[in-house]
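Colleague: Next come the chains, spelled out residue by residue.
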Amino acid sequence: MNDKLRIKKLYALSSENKKFSFSLPLKDKIRIGRRDYAVQLRDDEKLGTYILWKNRKYPVEIVRSRQNKYEILFNDISYTFTVETPFSLQRMKVLSSGKGKKEQESLRAPMPGKIIDVLVREGSTVTRGEPVVILEAMKMQNEIQSPVNGIVKSVIAKSNTNVMKDDVLVEIKVE
Amino acid sequence: MDLSGKSYKAFTERQEALKKQYSRKQAEKQHSKGKLTAHERINLLFDSGTFEEIDAFVTPANQPVEFGKVERTYGDGVIVGHGKVNGRLVFAFAQDFTVMGGSLGNVHAKKIAKIQEMALKMGTPIIGMMDSGGARIQEGVASLSGYAAIFHNIIHSSGIIPQLCVIMGPAAGGAVYSPALTDFVFMVNHTSYMFVTGPNVVKEVLNEDVTADELGGAEVHGRKSGVAHMIYDDEENTILALKKFLAYLPSNNVENPPLVADDGSTPDVNEKLRDIVPDDPNKPYDVKDIIQLIVDKNSFFETAELYAPNLVTGFGRLKGKTIGIVANQPKVLAGVLDIDSSTKGARFIRFCDAFNIPILTLEDVPGFLPGKDQEHAGIIRHGAKLLFAYSEATVPRITIILRKAYGGAFIVMNSKSLGGDFSFAWPTAEIAVMGPDGAVAILYRKELAESKNPAEMKKDLVKKYRDKIANPFIADELGYIDEVIDPAVTRKKIISAFNALSNKWVKVPARKHGNMPL
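So the sequence lines, in the order shown, correspond to chains L and Y. For the first sequence, the positions run 1 to 175 when the working numbering is used. For the second sequence, the positions run 176 to 693 when the working numbering is used.
There may be inaccurate statements among the hints.
Claimed, not checked - Pulled from the structure, derived: some chain Y residues nowhere near chain L, Cβ distances all over 12 Å:
1) 201
2) 231
3) 292
4) 299
5) 406
6) 411
7) 506
8) 509
9) 541
10) 546
11) 556
12) 581
13) 627
14) 636
15) 652
16) 686
Unchecked claim - No farther apart than 35 Å at their CA atoms in a straight line, the calculated lysine-lysine pairs in the DSBU-like style are these:
17) L:102 <-> Y:447
18) Y:458 <-> L:27
19) Y:458 <-> Y:447
20) L:69 <-> Y:472
Since the hints were made in silico from the structure, they are not lab data. C-beta atoms are modelled at their ideal positions from N, C-alpha and C, and glycine is treated no differently.
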């Protein structure tokens, strides 16, 4: 990060809105809630990058990164989080207080095709990126994914029926 | 001699006055909107202590007619200058919203035009950070003509130096065309807008209620209109991403992209590549998983990620050398080519070609999207753009056929007869005029109609077609592809092929310019 802005702290914000803070330059310490944990980040040839905690090694793999957004694999569980500076965290607060979020999301067919399978029911919890409907089009079983975290409010799509482009398949209440 | 002497008095006073002009109050006003000031943006962009400002003391032009107020401030609402980004010379301008809403007056425009001309002469990238209310009404036609001069400079420099634009506030009316003309547009979520006519005019003329965000926010331009290529959630990350992005590009069209030291951590032979494409040709997969394993670790930088995601475009590195990547994405819309993906791909290819960036194409495409929607909207002429861009490109071009390569789409996606240098295919490739079902239905229509068990007969014929025709081996034996390769050695093959092509030189016949079907 740039020295002009003198950033001494960074935050990692998980997809569940949990906040972790780090001091800059990075020290072998991470603060969760009010407690500090002695955690070390190390590299070696055999394991790649790993976290050293209480003398045990836990390999970490960065699956995907896009600027400040990361998806990592840790203990075979994938986590997504963003890295924020004090200013960007502040900005997020300012912006989220101003506008109401969209409450409901209608998932629509991206192209004409045939519904092969509906993977959710009314009341199912879905996470962003989770396949909800399988739509066969262009000879491909396309996974139609949920664009948001939420609860399925109604399922309109039925297996073995044809849909047109932009037909509503599932309605999701945004959480 | 010391600066407190009498002859330096005017000099130091002016310096003090300029400093005073940037008050804390104005900075807080920007911060409260979630925005940074023009100075902070400049500081973030340039390597520490390298930025040199030009024309800091110019004052606004005199008004032809007294109407409205013009603040007599230094700089006229824009900071221009040069400095180092990742150690390389870059020119930049940053509009200052705290001075008359960043409106573009005559002097303001002249400052921008001045560094545009300098950047072109020096052959360095230019970056514009836009945060402006639009033309300065008080200055009338002089302001409009200022815009025109800026546009003309951008077009004049297009294809010679990389021109990047970051929208960090409003850009309305004529102002939108200066980003639109540049190579890549970055936008910040929730605090930047672009539209030709704003929400107020829309309400007045069409009686339609729409918010600035719905009309021309980052989400709209990143996902729907394709005007913006890279979207981030805050200004700091937008600028940091821009710096990272710039490291892939050469400074101008006669240089090669900068070479980054390769740490050698990416294996040249990777058996994981054998397991990504599913056996069932009707099952999708994420082509980005393949890209990640082919390019240097963590070097893939996707462009226009949200727009037409059925075609993935972006930059990556092979042993530290920049390449451009164009890949069909079976995970989205089965990876079809439609109007949006064709224009997205064409524009990306032309950028790579202009700036000496070799192109790698990963192909898995069922064809062009059929239907009234696409035909009526002109898929013929838009698809032709992709064809034109590939065929015209003289940079090294390599194709890997991962799976489907059917019909016109096979031709378009950098086939050898279009001038592609190397075509490789994975054993999973299906190369034919059309998919098995379509082919059987046409060739055996009569037989199928007369058959007692058409379903069974069709199944047999489809299998026969898949085994005998829709495979990479016929194309290989006829020389339309160069080699069928083990997926595991893909990276190794590409690196050696690009090395073989590193001195590629194509002489094109002299002409003013081609006539792309726009």
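Colleague: The structure should be examined with respect to each hint, and the outcome stated for every one.
Modeller: Structure-based check of all given hints:
1. 201: holds, 17 Å
2. 231: Consistent with the label, residue 231 (chain Y) stays out of reach of chain L, its closest Cβ about 18 Å off (over 12 Å).
3. 292: Given a closest Cβ separation of 29 Å, the condition holds.
4. 299: Its Cβ never comes within 12 Å of chain L, the nearest being 21 Å, so this holds.
5. 406: Non-interface label fails for residue 406 (chain Y): nearest chain L Cβ at 10 Å, not farther than 12 Å.
6. 411: Given that some Cβ of chain L is not farther than 12 Å from that of residue 411 (chain Y), nearest at about 6 Å, it is violated.
7. 506: Its Cβ does come within 12 Å of chain L, the nearest being 7 Å, so this is violated.
8. 509: violated, 3 Å
9. 541: violated, 5 Å
10. 546: Non-interface label on residue 546 (chain Y) violated, nearest chain L Cβ at 7 Å vs cutoff 12 Å.
11. 556: The claim stands: residue 556 (chain Y) keeps its Cβ more than 12 Å from every Cβ of chain L (closest is about 21 Å).
12. 581: violated, 10 Å
13. 627: At about 26 Å from chain L, residue 627 (chain Y) clears the 12 Å cut-off, so the statement holds.
14. 636: holds, 16 Å
15. 652: holds, 26 Å
16. 686: holds, 38 Å
17. L:102 <-> Y:447: violated, 40 Å
18. Y:458 <-> L:27: violated, 45 Å
19. Y:458 <-> Y:447: holds, 18 Å
20. L:69 <-> Y:472: holds, 17 Å
Consistency note: the structure conflicts with the earlier hints numbered 5, 6, 7, 8, 9, 10, 12, 17 and 18.
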